[in-house]
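K.L.:
Each chain, written out:
2 protein chains.
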Amino acid sequence: MSSLVEQLLQTEAHKSLFESAVRQLPLPVCAAFGSSTNPQPVRFKSADSVLGTKDSDAVRQQFPQSVAASGNAVLTSAGATINQAQGKRVAVLFSGGPAAGGHNVVCGLKRVLGSGNTLFGVKAGPKGLLKGTLFEITDANVDFIINTGGFDFLGSDRTKIKSDEQFAQVRETCIKHNLDAIVVVGGDDSNTNAAVLAESLFTGVKADGSGVQVIGVPKTIDGDLQIGNLLSISFGFDTATRIYSEMVGNILQDTSSSLKYWHFVKLMGRSASHVALEVALQTKPAVALISEEIATKKQSLASIIDQIAQVVVERSHKGMNYGVLLAPEGLIEFIPEMNAMIAELNDALAHHVAEFAALTDNEAKAAFIGSKLSANNAALLASLPHYIVNMLLAERDSHGNLQVSLIPTEQLLIDMTKQRVKELDPKVPFAAHSHFLGYEGRCGAPTLFDAAYTYNLGLTAGSLILDGRTGYMATVTGLTSGGTPQAIPLAGLLNIERRHGKDEFVIEKALVKMDSPAMQYFVSRRETWATDDLFASPGPRQFWGPTTHQLPISVALNSGAASLMFVIG
Amino acid sequence: MSSLVEQLLQTEAHKSLFESAVRQLPLPVCAAFGSSTNPQPVRFKSADSVLGTKDSDAVRQQFPQSVAASGNAVLTSAGATINQAQGKRVAVLFSGGPAAGGHNVVCGLKRVLGSGNTLFGVKAGPKGLLKGTLFEITDANVDFIINTGGFDFLGSDRTKIKSDEQFAQVRETCIKHNLDAIVVVGGDDSNTNAAVLAESLFTGVKADGSGVQVIGVPKTIDGDLQIGNLLSISFGFDTATRIYSEMVGNILQDTSSSLKYWHFVKLMGRSASHVALEVALQTKPAVALISEEIATKKQSLASIIDQIAQVVVERSHKGMNYGVLLAPEGLIEFIPEMNAMIAELNDALAHHVAEFAALTDNEAKAAFIGSKLSANNAALLASLPHYIVNMLLAERDSHGNLQVSLIPTEQLLIDMTKQRVKELDPKVPFAAHSHFLGYEGRCGAPTLFDAAYTYNLGLTAGSLILDGRTGYMATVTGLTSGGTPQAIPLAGLLNIERRHGKDEFVIEKALVKMDSPAMQYFVSRRETWATDDLFASPGPRQFWGPTTHQLPISVALNSGAASLMFVIG
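Sequences listed follow chains A and B, in order.
Heads up: the first sequence runs through residues 1 to 569, numbered per my numbering.
Heads up: the second sequence runs through residues 1001 to 1569, numbered per my numbering.
Treat the hints with care, since some could be wrong.
Claimed, not checked - Result set (BS3-like, lysine-lysine): computed pairs, CA atoms no more than 30 angstroms apart in a straight line: (1) A:LYS176 to B:LYS1318; (2) B:LYS1318 to A:LYS260; (3) A:LYS418 to B:LYS1365; (4) B:LYS1127 to A:LYS422; (5) A:LYS318 to B:LYS1127.
Simulated from the structure, these hints should not be mistaken for lab results.
Could you put together the complete structure from these sequences and hints?
P.N.:
Structure below.
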């Protein structure tokens, strides 16, 4: 066997040259933790800040023990502790879609718990917590997963722990493994779940009457879990947007090389447009749609299309028959008239089931339903491409609702723009490709920002456990000034929202704010970007060399940072 | 204005932090050129190797001056020259699809031509050569474009220079700008075009009876321009495959994190499967289809689908309801029965135009055409999903041919696999996402391999011009042992192929060879990769740090290298 073949065999199973090298990268820690390789837990004290929402009274009713214990006060590091707790048994699980840096949360937890405590991994997310599929995490595990992407060390799923039976199963798992604490790594829903679990497990779980602590860690590539300067960003957002930004930057270079294509790129990110805004700030494309702005301005689909087509025509008149458009995943749901039309359509379909089913031809179906809609909605339906109409008439989820996320927004925008461009100036050529950037951004190796941030989140979560806290979300504040371990009382974040016909406690999703510095900066530049090629290619994220220590641009702007450089430690 | 906003404004127009940093990276040069920053041109001498094809006699007839001058002998560096030519006026153009590193070819050319000669850029490819849209390239241009991706400094297009009128236009441009040489940066077709131009411009272009030299530079992300150890790989292949490999590696991590999806990924690369093979070697997915193998084994579509479905079922039985499949862009054309069916379908459609047009319903159309086909072909047509049948019946290019490349292979494979999995084991879940990775890989910043390789190709091309050569393709051999500037006589590569009903001279596309070390290594590992998760994530390409100097794995294997490390200089 050649020596090259031997080398190649050694790269299998997560051991590419890159993965092997990136495991050796040192990670900075907040000064409070001491050294990176031998970090010490910190104790916590109340900070000045007490959290609350419009529903705080109702929350206090529902979460009496959590609120009584925390007073909804934010906690901040009170320095390293010497007399740390020993013998704690802690389980960690990933919940929901993966995000880069999850592995480093586990690494931070393991390192700060040290040899005096035991860390268990829960397999395959909340489902694994119900089933009790736990295993002990070793130091060797940590050395292998550190700085690698994905959630594959544990796996994940989207089970919500809601029913009494499920709560009983969690208790059983806690008792079976004699757990003292659970760390839930997840997004807004998972952290709401963590709040509920914390209250449910507050006392009386184990034979001696003691409870099980629950700590959340803020994860989501969507960036919609933000709490002012207490939580500038969830982890995974930076890595995902940097991956998408490289791809969009590459495509932008392609447009001005090939000189003949538009590329319409839909970006993952659920409802909020944080991802689209960040990628726009990184790459400076001709057009970037922000759902929240469309909703605020109550823009119609026709006006959005017209706006895009005007840019296409104007660029063409300047000799540029190319460009890039970014669209957020949740766009359609933010167009008020689309929502109104879909609602009336759902009603009409529900009221005319038999008549509708009797029709076999798609055109006849569309005409029939159109006749049952108000004039505005019928006109809007008629303006859509036939494959969208077919989807609107056909696909319903198990609750009878349209799955808006299945609509190929990027193709819809291309087809309608093509039509509008032809109306505006038939001589303007418009050839477009569509893209959806999503899954490729969730599990890449974490940027140095996400890698360092998550390692410190893990250290913070572990410290909270050793300090006896429950019902908090770990956070690290001051990301441009060394970093401070802090904790946010989960109950202090809860609002009541009407979902599926009943009131639920939820952590409000953070949407893009029109008056935020990041949005304002985008608005100040976008007209220039539309008419001139001023794009940039941010390139692949680097782990060595001069460009490693960057914050997301939107986070830097919104937090009033003086530069893009993050400083931890 | 905040200082951060000022910093952000400075990143517009190709000045991201990454682009600014990567411009400063030093590039190694072959020892023959002396120093990187002040490289000296080399002279050339005949090497031992003389090239020829089955059609060499016919080529000699058609290319008498080129063949007489070169004797079809390969040239190799004869060391640096002191008395280099001065006052030469050289034009460089990009032809065809963009590939990473094109800018560095221009940089190498400019640096080796030095201040004693003039380098012009041709705007927008061969079309610009016809129109004479040239501009002088400055040292400042070179400092700005070095190590950046894309062809956007010049632009490109796909015009083929074939007609007498076009040749006359090229002569006019040469005379108008008093050119001494043209450098064509392109793929197999563009280099064939360069051979034809070289012969056409050999003598008698300018008033003194002299000709214009033509030199080709081997570019294509497809990797199908390879000539044994004379040309291990075209430039752009490494960058494109590294970008695709990162995305596929990220998706692989996502599969074992989310635990519920298959991802079917189609990869750009035209007919040949070099890209798919390289990405498979980098990432080790469950399935990678190689078109050339399917053609060699005369596999049917049904047998390919069965093979995929067997892997899906087997993995599911081991608890893995996920995986990644790679498919080359050209797959469909390599399935013999698909080709035969499409040919008979084209005939049948052409013979029954009126009857076919009279039918309005798609099902009726399919049934009618099915009845005109042989039993085998009718059965194959009937086995395809309806949207593919509709495409086969509807879409024809201007020559009446089906545009096979428009077929969404990745979706076809998903739908047919789903069906087959259900037959094999109805309990196996199969949820799949499709991807097409293409445009995002052509214009990224070149890997250090592509950056160094293209800079040295530019130095070689410039040296050939100063040494008075014409009708050669620049190459750099010995990529793991310092690198040697060489030149391949283009006429020595030409074959006669029947295209569009007439004989044409062409450079044969290099396909994946079943007995190549890269293919053999893949074959030796793929069954293990199918049933176990042994994937690797090669990560984003790095420009600083320990993992920068990698060769493509397939190139390293096929050239018998001892490691993945390239060594230039």
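K.L.:
Each of the hints needs a verdict: does it hold here or not?
P.N.:
Right, here's what the structure says about each hint:
no., hint, verdict
1, A:LYS176 to B:LYS1318, "27 angstroms, holds"
2, B:LYS1318 to A:LYS260, "48 angstroms, violated"
3, A:LYS418 to B:LYS1365, "29 angstroms, holds"
4, B:LYS1127 to A:LYS422, "26 angstroms, holds"
5, A:LYS318 to B:LYS1127, "19 angstroms, holds"
Violation of the numbered hints given earlier is confined to hint 2; every other hint is satisfied by the structure.
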